[in-house]
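Asker: Those protein sequence lines, which keep their order, are chains E and V.
Per the numbering used here, residue 3 is the first one in the first sequence, and the count goes up by one each step.
Per the numbering used here, residue 7 is the first one in the second sequence, and the count goes up by one each step.
Derived by calculation from the structure, the hints in this document are not laboratory data.
None of the values given here were measured: they were computed from a predicted structure.
Note that beta-carbon positions come from the ideal geometry of N, C-alpha and C, so glycine has one too.
Check the hints yourself; a few may be wrong.
Said to hold, decoys possible - In silico lysine to aspartate or glutamate, DMTMM-like type, Cα no more than 20 Å apart, as pairs:
hint : chain 1 : residue 1 : chain 2 : residue 2
1    : V       : K138      : V       : D116
2    : E       : K113      : V       : E8
3    : E       : K113      : V       : E12
Said to hold, decoys possible - Just a few of them, taken from the derived set where beta-carbon distance is under 8 Å, the chain V residues facing chain E:
hint : residue
4    : L38
5    : G83
6    : G121
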Amino acid sequence: MKAIESFETPRPSEVNYINAQYGLKSWLLTKDHKRIALLYLGSITFFFFIGGLYAMMIRLELLTPQGDLLQSTTYNKVFTQHGIIMIFFFLIPSIPATLGNFLIPMMIGAKDLAFPRINLLSWYIYLLGGIITIYALLAGGVDTGWTFYTPFSTTFSNSYVVAAGLGIFINGFSSILTGLNFIVTIHTMRAPGMTWFRMPLFIWSHYATSLIMILGTPVIAITVLLLAFERVSRVGIFDPGLGGDPVLFQHLFWFYSHPAVYIMVLPSMGVVSELVANFSRKNIFGYSFVAFSSLAIAVFGFLVWGHHLFVTPQSVYAGMIFSFLSFAVAIPSAIKVFNWTATLYRSSISYDTPMLYALGFIGLFTVGGMTGLFLASLAVDVHLSDTYFVVAHFHYIMVGGALMGYLGGLHYWWPKISGRMYPEGWGRFAALVIFVGFNLTFLPQFVAGYLGMPRRYHAYPPEFQVFNVLSTAGASILGFGMLIPAIYFVWSMRYGKHAEANPWHLPGLEWRTQSPPPTENFEVTPVVTWDAYEFAPREEIEVVGKFGPEAERI
Amino acid sequence: MEQQREAGTLGMWVFLVTEIMFFGGMFLAYTLYRSMFPAAFASASNHLDITLGAVNTGVLILSSFTMAMAVYFTQIGKRRPQILCLVLTLILGLTFLGIKAVEYHDKYTDRLIPGHLIPSAPFGPAVNEHGKPPDHHKLTLLTGATLPQVEMFYWIYFAMTGMHALHMIIGAGLLTFLLIYSIKGRFDPEYHSPVEVIGLYWHFVDIVWIFLFPLLYLLGRHLEHG
Numbered sequence: 003m004k005a006i007e008s009f010e011t012p013r014p015s016e017v018n019y020i021n022a023q024y025g026l027k028s029w030l031l032t033k034d035h036k037r038i039a040l041l042y043l044g045s046i047t048f049f050f051f052i053g054g055l056y057a058m059m060i061r062l063e064l065l066t067p068q069g070d071l072l073q074s075t076t077y078n079k080v081f082t083q084h085g086i087i088m089i090f091f092f093l094i095p096s097i098p099a100t101l102g103n104f105l106i107p108m109m110i111g112a113k114d115l116a117f118p119r120i121n122l123l124s125w126y127i128y129l130l131g132g133i134i135t136i137y138a139l140l141a142g143g144v145d146t147g148w149t150f151y152t153p154f155s156t157t158f159s160n161s162y163v164v165a166a167g168l169g170i171f172i173n174g175f176s177s178i179l180t181g182l183n184f185i186v187t188i189h190t191m192r193a194p195g196m197t198w199f200r201m202p203l204f205i206w207s208h209y210a211t212s213l214i215m216i217l218g219t220p221v222i223a224i225t226v227l228l229l230a231f232e233r234v235s236r237v238g239i240f241d242p243g244l245g246g247d248p249v250l251f252q253h254l255f256w257f258y259s260h261p262a263v264y265i266m267v268l269p270s271m272g273v274v275s276e277l278v279a280n281f282s283r284k285n286i287f288g289y290s291f292v293a294f295s296s297l298a299i300a301v302f303g304f305l306v307w308g309h310h311l312f313v314t315p316q317s318v319y320a321g322m323i324f325s326f327l328s329f330a331v332a333i334p335s336a337i338k339v340f341n342w343t344a345t346l347y348r349s350s351i352s353y354d355t356p357m358l359y360a361l362g363f364i365g366l367f368t369v370g371g372m373t374g375l376f377l378a379s380l381a382v383d384v385h386l387s388d389t390y391f392v393v394a395h396f397h398y399i400m401v402g403g404a405l406m407g408y409l410g411g412l413h414y415w416w417p418k419i420s421g422r423m424y425p426e427g428w429g430r431f432a433a434l435v436i437f438v439g440f441n442l443t444f445l446p447q448f449v450a451g452y453l454g455m456p457r458r459y460h461a462y463p464p465e466f467q468v469f470n471v472l473s474t475a476g477a478s479i480l481g482f483g484m485l486i487p488a489i490y491f492v493w494s495m496r497y498g499k500h501a502e503a504n505p506w507h508l509p510g511l512e513w514r515t516q517s518p519p520p521t522e523n524f525e526v527t528p529v530v531t532w533d534a535y536e537f538a539p540r541e542e543i544e545v546v547g548k549f550g551p552e553a554e555r556i
Numbered sequence: 007m008e009q010q011r012e013a014g015t016l017g018m019w020v021f022l023v024t025e026i027m028f029f030g031g032m033f034l035a036y037t038l039y040r041s042m043f044p045a046a047f048a049s050a051s052n053h054l055d056i057t058l059g060a061v062n063t064g065v066l067i068l069s070s071f072t073m074a075m076a077v078y079f080t081q082i083g084k085r086r087p088q089i090l091c092l093v094l095t096l097i098l099g100l101t102f103l104g105i106k107a108v109e110y111h112d113k114y115t116d117r118l119i120p121g122h123l124i125p126s127a128p129f130g131p132a133v134n135e136h137g138k139p140p141d142h143h144k145l146t147l148l149t150g151a152t153l154p155q156v157e158m159f160y161w162i163y164f165a166m167t168g169m170h171a172l173h174m175i176i177g178a179g180l181l182t183f184l185l186i187y188s189i190k191g192r193f194d195p196e197y198h199s200p201v202e203v204i205g206l207y208w209h210f211v212d213i214v215w216i217f218l219f220p221l222l223y224l225l226g227r228h229l230e231h232g
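Work the whole structure out from these sequences, hints included.
Answerer: The following block contains the structure:
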């Protein structure tokens, strides 16, 4: 601990990336990855609140068995739009485009990403896709489900499928460009001494995420493009009425959309690896296992899409193979969970807000992952397919996993991003509220789904009401919990305590420059001579009086 | 500078990987329906103009050669042959697009445009039953082929070649940009990564065509007289 505190603290300087330039133009035309990260942060928060409003409408409608608040057609649009906004415009860009954008250059000791202009372009593409999608919502909405299954989407749906598809198509390119930028940056921009195995695990998980982005996203792009053409021209390859095969659509759709789940959760795992190691002040247990399990998840993730097609005329043998491979994904995921818990063992844990989110993630992700195994079993899935069990399962991964990691990371790096501390007491309180609210929302849905309540209906038999009342109560708590950080983050930007360069006393490169960082990140290019998470062993300090491998000053 | 060049080249390679995946979706659709409707695909393929297709293949291979030479001359710093090669590449690229336009026009006049894209001329080619004397403008249906399946082939044909042509148009735009910068003398043996990177893109677009040509044009030739 002594050694870490003795790291040279960079002199606080008046000039940083936030006040280096003023004016709207300096933000809208910026090439600074940190400012672009903030642009993304603002826009995804906006989409998150739209998606959240839709979620509240769904939960309110389901409070009573009969459809009284929304008509069935309106309800179809509401859950579709909840899915589209949350998945394509919040979860997929969430961690990579904000925290990843901000931190990847800082963590590897670079001045910026490899292609700063392309980085800015990706934000504009995201915005354009978002505007087109919002147009689709305002003009009349989409009612196909976020999955756009044919032939409903091509032939029967009387809603704005083409506009929404176009929005998703365009938005996909922002994801591709971000992934491309990350891969090239990680390959070519590392500081001297920053070898692959000295990189923080956050970088490894983003590398794996970027691989999925560049390999998967083009496939969904061409798929929705063909779908839109098919809908406009009434000719095509998906509609059985035209001789096409609707299952082909499902294959192409899930070839991207299953790996997309890993686009959401892998960055979150990267954040949790950082949090677990840093808040237990211990080198991560099995660094290379955690690093390679990210890549393994990325690779396996591409081989399991068929488990979404267990109840289609997919061949039984294909189903068996997909089932087996889906089980295989659990292995690298479990490696991560075991390594995190092994890191916690006999370490000195501090329960700051980010760590609470990280611990929440481990538990919730485990529940989400284990229930995933139920669904990956061919026979069980036939019973559970399209029930609330599935809804609960993927919310445990996407909200309990991805969102918890995102919030944890946001709190953890907030001092670096904004130069201010968030209020710790409120932070812990909100983390607790969110955890309780989340579980109360989605645990009852497992039971309702297991008992046979189908998803995507606005009305349901009265015997399911008790689960839905619990769930709606939980969603209200969850929604309230989400508002607390939104308020205190904004508050802290003006009134928060000024953050020091290294408020958590950690060895990572991003903490070795002032908070907020200057535009060029580091005044001198850092030379890295230490491993990630290299904390001073306590005995060594006590006995020898200094930290063994001399931590080089920068 | 070295780092920038490395980054540019790697960036283009990564981008080309995404392009492969992008075309991959259509290749998958092609594979699926070709295996489902082999006779219809052969009949429809026989109606494509193999001469124009073959000429276009030659044109593109030649343009790949001139592009490679342009990169070479930039690397050794010979500006005149560099500009000449870029001009040649651009001309060959535009020739390809011209020939493609002629082919599309032929398909249009033969009413081989699927569906209601053009409402006045719905898909309904004059069908020539197998065994009748061949008429170039009439589609000969092999046994087992139906018109909706032929329509499927033409939809895939237009989607794939159209997407390829779009990439060619973008490539021609990039070549124009290279040409302007070369005439201004911006590239030298020290700095020429745009030429290399756009060269990579150009070769990729050519290779896509090398796959498209046999898959679309040559697939049913042996069945024509059988």
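Asker: Any hints from earlier that this structure breaks? Give me their numbers in increasing order, please.
Answerer: Of the numbered hints, just 5 does not hold.
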